[in-house]
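Chains A and B, in that order, are what the protein sequence lines are. For the first sequence, the UniProt record's numbering gives the first residue as 1, with consecutive numbering after it. For the second sequence, the UniProt record's numbering gives the first residue as 1, with consecutive numbering after it.
Just so you know, these hints were derived from the structure itself, not from any lab. None of these values were measured; they are calculated from a predicted model. Treat the hints with care, since some could be wrong.
[What the hints assert, rightly or not] What follows is a set of in silico ranges between Cβ atoms, one per label pair, in the way DEER data are often shown:
#1 A:Lys135 <-> B:Thr126: 15 to 23 Å
#2 A:Arg240 <-> B:Thr273: 52 to 60 Å
#3 B:Thr126 <-> A:Leu122: 31 to 39 Å
#4 A:Gly260 <-> B:Thr190: 23 to 31 Å
#5 B:Glu84 <-> A:Thr248: 33 to 41 Å
#6 B:Asp225 <-> A:Leu9: 57 to 65 Å
#7 B:Glu84 <-> A:Gly301: 47 to 55 Å
#8 B:Ala144 <-> A:Leu9: 50 to 58 Å
#9 A:Ile119 <-> B:Asp82: 26 to 34 Å
#10 A:Thr81 <-> B:Thr126: 37 to 45 Å
#11 A:Phe180 <-> B:Ala144: 56 to 64 Å
#12 A:Ala12 <-> B:Asp188: 42 to 50 Å
[Claimed, not checked] Here are some, though not all, of the chain B residues that point toward chain A, as calculated from beta-carbon distances under 8 Å:
#13 Arg90
#14 Ala104
#15 Glu247
Positions of the beta carbon are idealized from the N, C-alpha and C atoms, including for glycine.
As a plain string of letters, each chain reads:
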Amino acid sequence: MGLGRYVALRVAWAAAVSMIIVTIAFLLISFSPNPEIQDAVRSASLQGENPAEARERIKELRGLDQPLHERYLDFMQNVYTLEWGWSDSRNQPVEEALLESVYYTAQYSIPWTILTVLIGPLVGLYSAANMYSWKDHAATGFAFAGWAMPNFFFAIILLLVFGIWLEWIPITYNTDAAVFSLENARQLFFPVFVLVTGSIAATMRVARNESAEFINADFMKTAKAKGVSPFRAYAYHVMRPTLVPLSTTLVGQLLAVFLGSSLLVEFVFSIPGLGRTTFDALVAQDTNLVLGSVLIFTFIGVVGNLLEDLVFTVLDPRISYDDR
Amino acid sequence: MSDEPLLEVENLRTTFDTDQGELIAVDGIDFSIEQGETVCIVGESGSGKTVATESITRIVPIPPGEVDGSVRFKGQGLQSIDDEALRDIRGDQIAHIFQNPQEAMNHVYTIGWQIVEGLKIHQDVTDEEARAKAVELLDRVGIANASARFNDYPHEFSGGQKQRAMIAMALATDPDLLIADEPTTALDVTVQAQILDLLNELQDEFGMSILLVTHDLGVVAQIADRVIVMYSGKVMERGDVYQIFEEPAHPYTQALMKCLPEFGGNAGGIQGTLPDPTDPPDGCRFAPRCEHAASDCTVGDQPAEIEIEPGHLASCIYYQQGYDSSVVQNDDLGTNANERTEAADD
Ligand code: SF4
């Protein structure tokens, strides 16, 4: 089986997984109590009307009187045509609300991802090259301090020290700041910093251990005996094989921190991103918006996993596509 | 360029800084290699023979290692030149192949890429020229269908094929000296013989000198012109291959011979273990395991090498003035070893 076919199959599998998750979301919603109907029934009985009639009326209005399979097909169609319904709490279409949130989330996620991808492997390699020296210990210590500190807590401390006591950074987030402005850089510095410290430790540890193995590998001696310069040896003979296991860690770590911590960090730094929006939607019982957020997170997770697998397969020539 | 040997090593000493103190891997050895000659360094593992060869172009890790002494290659002193100049020689005029071909190649690059890499570092060639040269070399070392297999990864090659590819890589720049460190140890017996034959053939064709490290006297018999027997960082005996096999003079060489299956020896090797390289014994390094050891053997330093016949030297006190060399000489090894050498020469 060729690489092309493997990629096609893997993409198809990712699509199937996302479909299953969307289906589960649909079933959960279908079988859970609908606050809108309950509202309608309550207000009908308060006004002396027939509650059963009101229930039927609202069901008809929302299309809930249709058989389950038809509602499922409708639902799926809407999901894939990006018609995710109306958000009551934000008074705008769900996809619009989400797009706005993603805009803010991306502003810190992109620099964070780039920095993690750049710094993690390089610091790991540096540590491995100076293994057990004070440089290695310093780099490892720094990385683990960042990892051990809960991001949420770290964010609050930073905000307290630099925002409130020293007043170096704004404590409120200004949504009007232009993307590429100094003001935006200032207000995003600490969120990015907190996330990078959180995601870098695992990346760096894997980079350090794997590249240490390759630095001492026999093929490094071969390279040296061939007259390869130290820089080239590190770049080609150590970094490149390290990227194979590292790619998995990198994507996994970024996803984990994104799903786990970025919401909390958004909350602390009051960034109106995806996490904030999801949280607000939950509080406001805005079913459509909650569902939309869940779909976005699902999508990010599925795409992340897909990337992880594809990158790994492309990077490691020893993997035979037949085995997978 | 006249009578000067291709490589001349004097008082080579390689030490490593370890937690147990200074580890002396190579303790002041001399040897030289002539143009087109094959020299074998033989000894048990841990005798310092690998470190000795890796000290020539300083591919031993430094630090923690430190290399002292004089290494002259084609009249140029290698011990004093800087890393960059040394890199120009490594893989160009002095090439290496190693013991374990499974690990000696990087698994994420194709065989072809790895041959071309060395070639492009040392020669100003285009990609196409480098590729053509690599394919030609792969073909020459016996890889069938070389131009297709250029794009194979190491895991798609068998152990023997990988060692062939390593040889192709080493020969890419037409080196003057090929240093082969246990090149057949990790291979099947039948493949071992093929690789040694190939090295013999290529030596005739390319006219290079070979410095081969091995613990296997069978390999020595097949390929060597001259032999250096090393033990615990010191040279015990040296001579041409006939002298060593027919009249092994040093008790250590004799003990190695006795381990050969022809003498009913077991593969287990010589009784006892090598001395601790961080704390070598006084006197002869081999004394703790030597059946002839006398009280004089354990004082001072390793006995000086004494010339027994032209080109045949041994470092054992029994060859010094005032001792009776027949004690160690009259061993019953000579005749049998003779047959063995002749058999191997066929
Ligand atoms: S010097 Fe003494 S211990 Fe060393 S080989 Fe000769 S007899 Fe044996």
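Each hint tested on the structure:
no.	hint	verdict
1	A:Lys135 <-> B:Thr126: 15 to 23 Å	violated (41 Å)
2	A:Arg240 <-> B:Thr273: 52 to 60 Å	violated (40 Å)
3	B:Thr126 <-> A:Leu122: 31 to 39 Å	holds (33 Å)
4	A:Gly260 <-> B:Thr190: 23 to 31 Å	violated (58 Å)
5	B:Glu84 <-> A:Thr248: 33 to 41 Å	holds (37 Å)
6	B:Asp225 <-> A:Leu9: 57 to 65 Å	holds (59 Å)
7	B:Glu84 <-> A:Gly301: 47 to 55 Å	holds (49 Å)
8	B:Ala144 <-> A:Leu9: 50 to 58 Å	violated (34 Å)
9	A:Ile119 <-> B:Asp82: 26 to 34 Å	holds (32 Å)
10	A:Thr81 <-> B:Thr126: 37 to 45 Å	violated (54 Å)
11	A:Phe180 <-> B:Ala144: 56 to 64 Å	holds (59 Å)
12	A:Ala12 <-> B:Asp188: 42 to 50 Å	holds (44 Å)
13	Arg90	holds (4 Å)
14	Ala104	holds (5 Å)
15	Glu247	violated (36 Å)
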